[in-house]
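Undergrad: Below are the chains, spelled out letter by letter.
2 protein chains.
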Amino acid sequence: MDKKTISRRHLLQTLPLGIVGLACNRSEADQKQEARSEEKFTWIASTTWSPHFPILGEGMDLFAEQVKIMSGGRLTIKVYGAGEIVPAFELFDAVSQGAIQIGHGASYYWAGKIPSAGFFCSTPFGLNAQQMNAWLIAGGGMALWEEIYAKYNIIPFACGNTGVQMGGWFRKEINSVADLQGLKMRMPGLGGKIISRAGASATQIVGGEIYTSLERGVIDGAEWIGPYHDYKMGFYQVAKYYYYPGWHETGSTLEMMINKTAFEKLPPDLREMVISAAARANAWMLAEFEAKNNFYLKKLVQEENVQLRKFPEDVLQTLKKATEEVIGEMIAADPISKKVYAHQTAFKKEILQWSEVSEKAILPYL
Amino acid sequence: MDKKTISRRHLLQTLPLGIVGLACNRSEADQKQEARSEEKFTWIASTTWSPHFPILGEGMDLFAEQVKIMSGGRLTIKVYGAGEIVPAFELFDAVSQGAIQIGHGASYYWAGKIPSAGFFCSTPFGLNAQQMNAWLIAGGGMALWEEIYAKYNIIPFACGNTGVQMGGWFRKEINSVADLQGLKMRMPGLGGKIISRAGASATQIVGGEIYTSLERGVIDGAEWIGPYHDYKMGFYQVAKYYYYPGWHETGSTLEMMINKTAFEKLPPDLREMVISAAARANAWMLAEFEAKNNFYLKKLVQEENVQLRKFPEDVLQTLKKATEEVIGEMIAADPISKKVYAHQTAFKKEILQWSEVSEKAILPYL
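Just so you know, the protein sequences line up as chains A and P, in that order. Residue numbers for the first sequence follow numbering that gives the first Met the number 0, beginning at 0 and rising by one. Residue numbers for the second sequence follow numbering that gives the first Met the number 0, beginning at 0 and rising by one.
A hint or two may mislead.
Heads up, the list lumps identical chains together, so a pair's fine if it works in one copy or across two of them.
Unchecked claim - In silico DSS-like links for lysine-lysine, alpha-carbon gap of 27 Å or less:
1) Lys348 <-> Lys259
2) Lys297 <-> Lys348
3) Lys319 <-> Lys337
4) Lys297 <-> Lys150
5) Lys264 <-> Lys297
6) Lys338 <-> Lys183
7) Lys359 <-> Lys171
8) Lys150 <-> Lys183
9) Lys171 <-> Lys239
10) Lys338 <-> Lys297
11) Lys239 <-> Lys359
12) Lys298 <-> Lys348
13) Lys348 <-> Lys239
14) Lys171 <-> Lys319
15) Lys259 <-> Lys337
16) Lys337 <-> Lys77
17) Lys264 <-> Lys171
18) Lys39 <-> Lys359
19) Lys320 <-> Lys338
20) Lys112 <-> Lys239
21) Lys297 <-> Lys359
Don't read these hints as lab results, they were simulated from the structure.
Produce the complete structure using the sequences and hints provided.
TA: Structural data, given as structure tokens:
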């Protein structure tokens, strides 16, 4: 690019008609609303994280603060951690029923209720963070997500991304697929089903109990998030092998769920503030993860003698094959999952082709 | 991750003190401002693009619309294209002097005035889009940028990113460094200096004149942006070889410049809306680029018989070496450039190390 103006004549010659027209997602009536309501709103937000949880909880605190400033105090959002007012398990229902207005967590937590929900957080061997954002924001993903959650009176928002996670902590080395056989691995959700298909035995263990479970040998391995959060949890004290890449969470989008009835009661200006602050939080959280992870990875390796390992090729290929099988069965059983997965997969094919000449092509030279 | 609550006790045991405390970038006095001013503001924004230019201009139109909705019409921003009221060349001065309130362009356009400015847009063989955002938002980059622009009474905002660009259009194949010798290449800025160091002859040509210059053989090659925008410009009609990767622009951040005096006249709520809408536009533009580029790349290759080529290894290595030389001379001559480049390079070293176990490690398996 350069700073010189492209002549308008030249552009008009080369641009197809319509390209300069902008679609706006607010109705004309909304846009004309200029008189401001003085009505004050107090909302409750609950998360699936501990209060002020690093990055994820902090991001929600910032979100609430920004909305408060933008609204001049007309929309106050009180943010609670998991279990303070709503147990993490019950967050979806609490927002759906309007008991609270906002929930912040990850959509794959609701896979028991809505099998397709997980695709909006993370698909194993799926999209990375930048690709997820492209799919959601500019590729039609958000519209699908909104359609699915609308039945539950919830409006979803992309609100944070972890980036590529780590593959997990292991007490012994994983040298081949043989080492996965019978391995007791703490891994929830789709990742757990997939690693079980590959021969391991996945278990669900509460975050706060992973450490002692590893320590006592109840489990042989566990995945959590990435270096920053894993360091805080102290896993390096009870497992020395730290594996990458996080094939099961390649760029997990966090979700903000808002009760639709509550949202629609807001005047248009407050709605737009919520949308904007969520988008800002979405980017802020990813930036924080990306900026902080290496510092803690180095601490783990240099100060705590953690052995950093890449999963062997046969393990990754076996897990990828198991992913296709498990998702294949899942979408055969649920038409909505089939629709979402097909949409995301079609987008993925395109963006990966673009990545071949962009991100993938340049990364080795940076 | 999972949805189970990490026990608060466990977190407090493992989290260092202070980690849960949140820094907020607004003063307490600002936060307490709840009574809203009814004062109306009308701002002028000018860009370095044609009016409603695909993605970049459209993003600014959306930005203005979102601020209008959030502010209930208290802050109206009229967006103009380059040359409509301010020539692209004069945008920095116009914002600096307060003739207009907002400018949208790319910081490397002002390298003649502020040599270090370019590092906030794109460093050849530098950071990709996700890494740039991490540096700016969470790595200290924004603070440096703000410090440098403050002398000019301008507050900068990251407002858009092109992602990895293409390497450019050529009339003949580039098979080795020998083919660069004497090659007349339209490439502005630092990229132009670097390719000249590698033996080519870089020229500056206005966007609207690239097509005819290529057609008449005045130049042998030209870079512009990427498949979406390049397709619109019709370059495929006059040059058949389309090279990747865009080593000179690996994730160019677009900038929004706001006159500091004007910004500080806004009440805190309007300021926060501007900050939030800029952050939203920053993400929206990148998502649009990522989602659209492959569609146009396929059209170019399949419908227009464009020959897609990767730069040969020796060309990329030669350009990388030339980059180090040219930037080395640049920072030797300008202490501020030295400071910014050192900061960015230190961050880059960390985030690339993280990329080795995250993005770079997973991309081949997606």
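Undergrad: Each of the hints needs a verdict: does it hold here or not?
TA: Status of each hint after checking the structure:
For the identical chains of this complex, Lys348 and Lys259 are neighbours neither inside a copy (33 Å) nor across copies (44 Å), given an alpha-carbon limit of 27 Å. For the homomeric pair Lys297 and Lys348, the shortest alpha-carbon distance between copies (12 Å) is at most 27 Å, but the shortest distance inside one copy (34 Å) is not. In the homo-oligomer, the alpha carbons of Lys319 and Lys337 lie at most 27 Å apart inside one protomer (18 Å), although the nearest pairing across protomers, at 45 Å, exceeds that limit. Taking the shortest Cα distances, Lys297 and Lys150 never come within 27 Å of each other, neither inside one copy (46 Å) nor across copies (37 Å).
In this assembly of identical chains, the alpha carbons of Lys264 and Lys297 never lie at most 27 Å apart, being 48 Å within a copy and 45 Å across copies at closest. Taking the closest pair of Cα atoms, Lys338 and Lys183 never come within 27 Å of each other, the shortest separation being 33 Å inside a single copy and 50 Å across copies. Taking identical chains as interchangeable, the C-alpha atoms of Lys359 and Lys171 lie at most 27 Å apart only when they sit on different chains, with a minimum of 25 Å there against 32 Å within one chain. In this assembly of identical chains, Lys150 and Lys183 lie within 27 Å of each other by CA distance neither inside one copy nor across copies; the values are 37 Å within and 60 Å between.
In this assembly of identical chains, the alpha carbons of Lys171 and Lys239 lie at most 27 Å apart only when taken from the same copy (8 Å versus 54 Å across copies). Taking the shortest Cα distances, Lys338 and Lys297 sit within 27 Å of each other only across copies (24 Å), while inside one copy they are farther apart (42 Å). When the C-alpha separation of Lys239 and Lys359 is checked against a cutoff of 27 Å, the pair qualifies only between copies, where the shortest distance is 23 Å, while the shortest distance within a copy is 31 Å. For the identical chains of this complex, Lys298 and Lys348 are inter-copy neighbours only, at 15 Å across copies versus 37 Å inside a copy, given an alpha-carbon limit of 27 Å.
Taking CA atoms no more than 27 Å apart as the test, Lys348 paired with Lys239 passes between copies only; the shortest distance there is 25 Å, against 37 Å inside one copy. In the homo-oligomer, the alpha carbons of Lys171 and Lys319 lie at most 27 Å apart inside one protomer (22 Å), although the nearest pairing across protomers, at 41 Å, exceeds that limit. Within a single copy, Lys259 and Lys337 get their C-alpha atoms as close as 25 Å, which meets the 27 Å cut-off; across copies the closest is 51 Å, which misses it. Taking the shortest Cα distances, Lys337 and Lys77 never come within 27 Å of each other, neither inside one copy (37 Å) nor across copies (44 Å).
For a Cα distance limit of 27 Å, the shortest separation of Lys264 from Lys171 qualifies neither inside one copy, at 55 Å, nor across copies, at 61 Å. For the homomeric pair Lys39 and Lys359, neither the shortest alpha-carbon distance inside one copy (49 Å) nor that between copies (48 Å) is at most 27 Å. Taking CA atoms no more than 27 Å apart as the test, Lys320 paired with Lys338 passes inside one copy only; the shortest distance there is 21 Å, against 48 Å between copies. Taking CA atoms no more than 27 Å apart as the test, Lys112 paired with Lys239 passes in neither setting, with 36 Å inside one copy and 52 Å between copies.
Taking the shortest alpha-carbon separations for Lys297 and Lys359, both the intra-copy value of 25 Å and the inter-copy value of 18 Å come in at or below 27 Å.
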